[in-house]
Each structure stands twice: as C-alpha cells, then as structure tokens.
Amino acid sequence: MPSRSIAAINGLLREDAAPRRVVGSTIVLLLAGVAAFGAWWHTGNPVWIRAYFYYPGALFFVACSLLEVSLSYRCWRRFSPGDLLRPAWFLILLSAVARLMGGLVRHIGGLETWLNPLSYLPSYWGHLLMQRSFEAGELFSPLSMALLGIGLIQVLRACRINGVLGKLKPLDAVLLAAVTLYTVYYFSQVVLSPLHPEGPVSLLKVIGWSSDPLLCVLLLEALLIRRSTANLGWGLISRCWISYTAAILLTSLGDVGLWASANGLVPYWLEAASWYVWFIASASYALGPAYQLQAMLCAVDEARFDEALLASAHAEATAF
Amino acid sequence: MMKRLLVWAWRHAIPGVHPRIEEFLTWADGDMAPADQAEFEAHFAGCRQCGDDARRLRDARIHLTAPGARGDETRILQEGLQDLEARMRVWSAMRGLLPDNPRHHLARSAINLRSARAVKLYFGQEAANRVTRAIQQGPHELHLLPAIKPLFNAFLGRKAADSVARHIARTV
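Chains as they are written, first to last, in the working numbering: chain A, 1 to 320; chain B, 1 to 172.
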C-alpha cells in the first residue's frame, strides 16, 4: 500500500501531471467554497464566505496565473523560431503575465487582508493605496484579452492552413448574439449614456470598457476553435484549445452574471453560483498550456510516447 | 532587423534561443564563414538537441550527395510525388471533402497504423478516422507519416513533430 501511495505521489510530481494537479486543486477549492457557503447560510455570518474569497480564493487566482505563466513560457521555449504557433504562444505568455499582474494588483493588493502588505501601512495611506490598487487591477483584464485575442488569430490561421478550421453552428451564433447584445446594451446604458451612472469618466474606466467588446471577439475566436477541435476529437492538442475555449466562455458567463446580479435580474442562488465560475475559468486558463506541454513532453520522450500509444491501442481493442 | 536581433540573441545574449533553420542548412552545406561556424558549433556545447539536429542534417546531406546516390534521383522524385499526393488527400480528408468509405478497414502497414494512432493521441478519434479514410481512397496505400507531419509541425512545433515522426518510424 505505501508503495502505491509513493507511486501516486511520484505521478503527481511528474512534469506532465500539471492538468491533474489543476483539476484536483480546483475540485478541492470548489468543495471548500460549498462548505463556506453552507456555513454562511447556516450561521448567517458573512465572515465565512468573505474569508473564503479573500484567502484561498485570491491565492487560487494568483497561483493559477503563476502556473499559466510558467507553463506557457515552457511551451513557447519548445517551439523553434519560424514555427507557426511560436508567436501565438509568445502572445499567450504575455497575456498570462498580464493576468498574473491583474491578480496580484487586484486580489492581493486591492483587498484588506493579512496577505496584503498595504494593510500594514498607516490607515489613511493603506486604504488609499488599496483602493488605487484595486482600480488599477482593471487595466490588466483588457490587456490580457487583447493579447490572447491576437494569439488566437494565429491558432485559427494554423487550423485553416491544415484544413481543420470548423464553421459556426446555430447555437454558437445564438451565444455570440447574446453576448454581443449584452455588450451593446451595456454601452447604451452606461458608456454612451449622458448620465454616466458609474460616476465621472476616467482613463481607467475607458480602458475597462474595452473588456466587453474584446470578450465578444475572443468568444467568436473561441467558438471557431472549439468547432475546429471538436471536429477532430479529444486528443492532447485538442484538449489544450478546448480549455482556452472553456475559459473564455466561462469568463463571458461570469461577466454577464456580475451584470445580472448587480441589476437584480437573477435569483440569489444563481448569483452565488456565478461567483464560483471565475475559479473554473481561471483553472481552464492554466489547463490550456498544461495540456500543450503534456503533448510536447510526450512527443520528445520515446518511452512516454510508446506508453501513450499502447494505451490508445488497448482502448481501441477494448472498444471492439 | 528582427532577424539580426535573433541571430545576436542566440549567439551571445540568451543561451535558450536556438539558431534558425537557415543557419543549420548553411552549416550542413559547408557554406558557413569560419568565424560563424565556430560560434555555431560553440552553441552545440550547451545544446545537445541542436547538436543532434545539425549532425543528422549533415549526415542526410552527405548521404544524398554521395556518388552512388545519383541513381536514386528518380526514386526520390517519385517518393516526393507520392508524399505530395498523400498530403493532398489528408488535407482534403481533414476538411471533410472526402466521402466516407463504408469499408472501414485499418491501415495495412505498421507505420501507417502507428501514424493513425499518433493522430488519435494528439488530435482525437475523428481526426484519426479521417486520415485513415484518406489512405483508403487510393488504389494503393499511401505513406501517411509525411502527410500528417505538417499537422504536427503546426501544433507541436517542428522539433517535437520530428520526435513524433522518429518514434513512429523507429519502433516498427
């Protein structure tokens, strides 16, 4: 039994075990979230849910982004100059760095927690800097989306060149239309409204407003990639791009959820569920490069490649 | 400008930045200036993968330019045409342009079988079905490996794709 445990630990420590680690830690975090929500519901004390989002939640966002940066850097390094997807992975790396910076500035530097060094400053300066840090965190989201969007254009180009580019289906068009309508509605009610319900217009706000149109473009790219990869099956490379698609879809869902709950359009239980969507989106962003690196490691290691091919042949035989 | 910056980076600044394919080819052809050659070979000291790639390229070059290899030109040309045909079929199959063949038999050659399994591992079952379908359409079985290589090149990078091709071919 101990040898089995050691083998399990060794398996998790393997370089290509990142997807399993990400999925495992997300499940643990979500279970803890359900427990915190239950405790809050039962006792009526909001400290449970606040502590969950301020500590394990904030750390999870930062850890996922850090992992994504590390894995995308390793993926990018494994592509040679002149490779079709090398520029795409460089842009994905920059996008991950922007997401990490946003996470650090917003979720660590912008909240009054023990994790935040600013909270140890004198009260006035501490609060002022935390508020500024929280606002500055909004800058990184559109930056990260723009970089990812340009990177995904390269991926779509690779799909087209290799004849695997899929077409949108009616359901995709409906989804895209819903998110675009939401963006148009938001712009008409908030951005273009002479009343400016969100307060005076600042440069930070203008940059923040670009998130929604960028998300529409990202969603279109993600749906096209999803259709292209879904046409092929569930291989290691397909999983990488399906993870990015899931991350973008969940980000759109979380964004719409935030707006709907701010306007009181959804029941309370659904509003609470939408908070947890961000964790799954964050994990999906980390899963993309994790699967790509797994595919690349499997390619260069003959033993792993043979092992994977044998497993595939065995699955085929079992299916027959 | 960008090219010069990259050349400078792989030589001096960043050890992880590898030479471009053009440099490999110039070195394998023996056309590199002595000073550049010394720097290029110095890179191998810290990068085993580049050293292996360069040596393999040079060996292939020597093999092709050897006196006995002249007579093989027609065979090489024929193989090139067959590879091109296979690539066109695979490309059409991936786009869904080839009709489904009701006779679902597996690839006959071991390399093609392993190639189809590699496509399944990396891209999925449907992709593997399509490439298998591509080789079933013709009167004779095509070589699948050179035809699927561009797909791996695009999504895994040339180095990892070369490794996949080597593993498929070596263990048969």
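No lab work stands behind these hints: they were computed from the structure.
Note that the coordinates shown come from a computational prediction; the quantities given were computed from them, not determined experimentally.
Idealized CB from N, CA, C, for every residue including glycine.
Please note that a few of the clues may not be correct.
To be verified - Stretch-level coverage of chain A by chain B, calculated; a stretch enters the list once three of its residues show a Cβ under 8 Å from a Cβ in chain B: (1) 67-80; (2) 234-240; (3) 299-312.
Unchecked claim - Below, simulated EDC-like cross-link-like pairs (lysine to aspartate or glutamate); rule was C-alpha separation at most 20 Å, straight line: (4) K149(B) / E302(A); (5) K159(B) / D16(A); (6) K159(B) / E126(B).
### Task
Take the C-alpha atoms of K159(B) and E126(B), compute the straight-line distance between them, and say whether it is at most 20 Å.
violated, 25 Å
#### Entry: 20 Å Cα cutoff - pair K149(B), E302(A)
Since the Cα atoms of K149(B) and E302(A) sit roughly 17 Å apart, the hinted pair holds (cutoff 20 Å).
### Message
Just to be careful, I want the Cα atoms of K159(B) and D16(A) compared with a cutoff of 20 Å; is the pair within it?
### Response
Distance of about 18 Å is within 20 Å: holds.
### Outcome, coverage hint (the segment 299-312 of chain A, chain B; C-beta under 8 Å; three residues)
As far as the segment 299-312 of chain A goes, the hint holds, because 8 residues have Cβ atoms under 8 Å from chain B.
### Query
At a Cβ distance under 8 Å, does chain B reach at least three residues of the segment 67-80 of chain A?
With 4 residues close enough to chain B, the hint holds.
#### Entry: Claimed coverage, the segment 234-240 of chain A by chain B - three or more beta carbons nearer than 8 Å
holds (count 5)
Hint compliance for this structure: hint 6 is the single one not met.
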